[in-house]
Amino acid sequence: MIEQPNRFSSVSELALAARREIISMTASAKASHVGSALSVVDILSVLYTGVANTSPENLEDADRDIVILSKGHAASALYSVLSLQGFFPNEWLKSYCGNNAPLGGHVTSKGVPGVELSTGSLGHGLPYGLGIAMSRKKSGVFGRVFVVMSDGECDEGTTWESAMIAHHYNLDNLTVIVDRNGIQSLTLTEDTLKLEPFEDKWKAFGWETRISNGHDYESLSNALSKSSKPLCVIAETTKGKGVDFMENSVLWHYKSPSKEDIERAFSQLKES
Amino acid sequence: MRNAFAETLLEEARKNPNIILITGDLGFGVLDKFQNELPNQFINSGVNEQTMMGMAAGIASTGKRVFVYSIGNFPTLRCLEQIRNDICLMNNSVVVVSVGAGYAYGSQGYTHHALEDIAVMRALPNIEIVIPGDPIEASSVTSFLSRSSAPSYLRLGKSDEKLINDSPVSLVPGKYNEIKRGKEGTILFVGSIGKIAIKAEEMLRSKGISVSVTSAPYLSHPDRVYLEKASKIGPIVTVEEHSIRGGFGSSILEFCGKELINAYVRIVSASQTNLSQIGDEDFLRTANGLSAERIVEEFISLLGY
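Those protein sequence lines, which keep their order, are chains A and B.
Residue numbering for the first sequence follows the working numbering, starting at 1 and increasing by one per position.
Residue numbering for the second sequence follows the working numbering, starting at 1001 and increasing by one per position.
A couple of the hints might just be wrong.
Stated by the list, open to error - Just so you have them, the derived chain B footprint on chain A, three or more residues with Cβ under 8 Å:
id, stretch
1, 109-118
2, 122-129
3, 162-175
4, 245-257
To be clear, the hints were calculated from the coordinates, so they are not data collected in a lab.
Idealized CB from N, CA, C, for every residue including glycine.
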């Protein structure tokens, strides 16, 4: 565990600090996916300020809650939140994507405390989380498993295979959170491959569903309370949230912020 | 071979509750006993190999030793990326078990023939490939794999294989299992195709040519001492029920090249001349160049008789 005096209990403060880190690290690494990270960072901030029972102190506990970021391209969001919550040193963020650095452009687990699974190829996180949830059920081990997915990722067949299995075994310890920002790699999800009626799909697969505002901490926190079935929280989000010129833009799936972009972004990312 | 696997795994799983067996909805009449006796250690995932393999990795991450059972290409090619990322990269304790190596499913057709799986699994880092030659070897390697935690690939034949060994064996990585010792050359094989190697040895013997017949079940761990000796005795003919591209013979050539072992190696493998050809296992083996006669021809040409 790292002594980090400024660990956050306030979700809004954590999310704001994480957004600034995301902009900085994406710019200095000349990396992509800043829009995806800004979209999901509030969800992760809610999870890592108490909703998920996981902390630097309990990483060895077999019954801790597990968080898997299946949309591995939003790595900068996970790394920022974990670092700010004391899982590993803040300096690691500065070498993001560097040669021999601990943190890569897609979520890397090896040697990174708090990261449960290396991801990057979509559709891997849910089957893996399903396995952990299944094993815990069979062994009578408590602790929830949260899998954070992107909406575009739900094109993957493993999503629906997993949904069937989780229902069949009634894995009420498994929660999927879909970062429903409506945009995927080239255009809108609904223009790429229709996901709607999205909530009905999950319901039809036997899951409890809850719709939440993915940037509203109370709404997210309420939606994430335990359920008696596998739970899918559809978190309605805005890609690039918090930086107006990055919002709802496919461009910021790819572009890395320039020096000028950083200044403009930082002028918007201030405590209100 | 699949029964030897299932029986040995059940014995091990009785002693170790951390052993979990997952099937992709296959194994009728083979896994029933395990399922009935240890239901809490058994999962039928349904027909969903990609999710099944990711799930297996997740289960393994909780401290379990997970065996995933399916036919030939389904738990290998169909879910290759799950094996690569979720098992090999994450170093999860999963044994991928494929049943029906090579032409074992005979007239079921090419979809059910496993002829490229060794090459594909060999291309992956951090996974051990294990191919027993008969039910006796299958039992030994299953025990070994039950006690190991390494990501592994176990390639099994199907049923009613000829016994090649005449008594129980205790196989370990890095050591070949020599079944017959000869003086002029060596037939080195993996898998149930070993039966044609045994027959070839008999045919050669009747011609006055003496060769060793040796099984190499732990494919990822070549027996350097054995290969060095064999290369001094005479030519080595490798035999595998698999494509020549990236298979067992190819692994021996790579090893000998890297280790500067000066061996004459010929590869007997499946020629795959007609992918849609229908027929039973023996017919397809012979039609694709996998026969005792073919091995005999190789030796005669190599030894200059």
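Practice task
Enumerate the violated hints, using their earlier numbering and listing them in ascending order.
Solution key: 4
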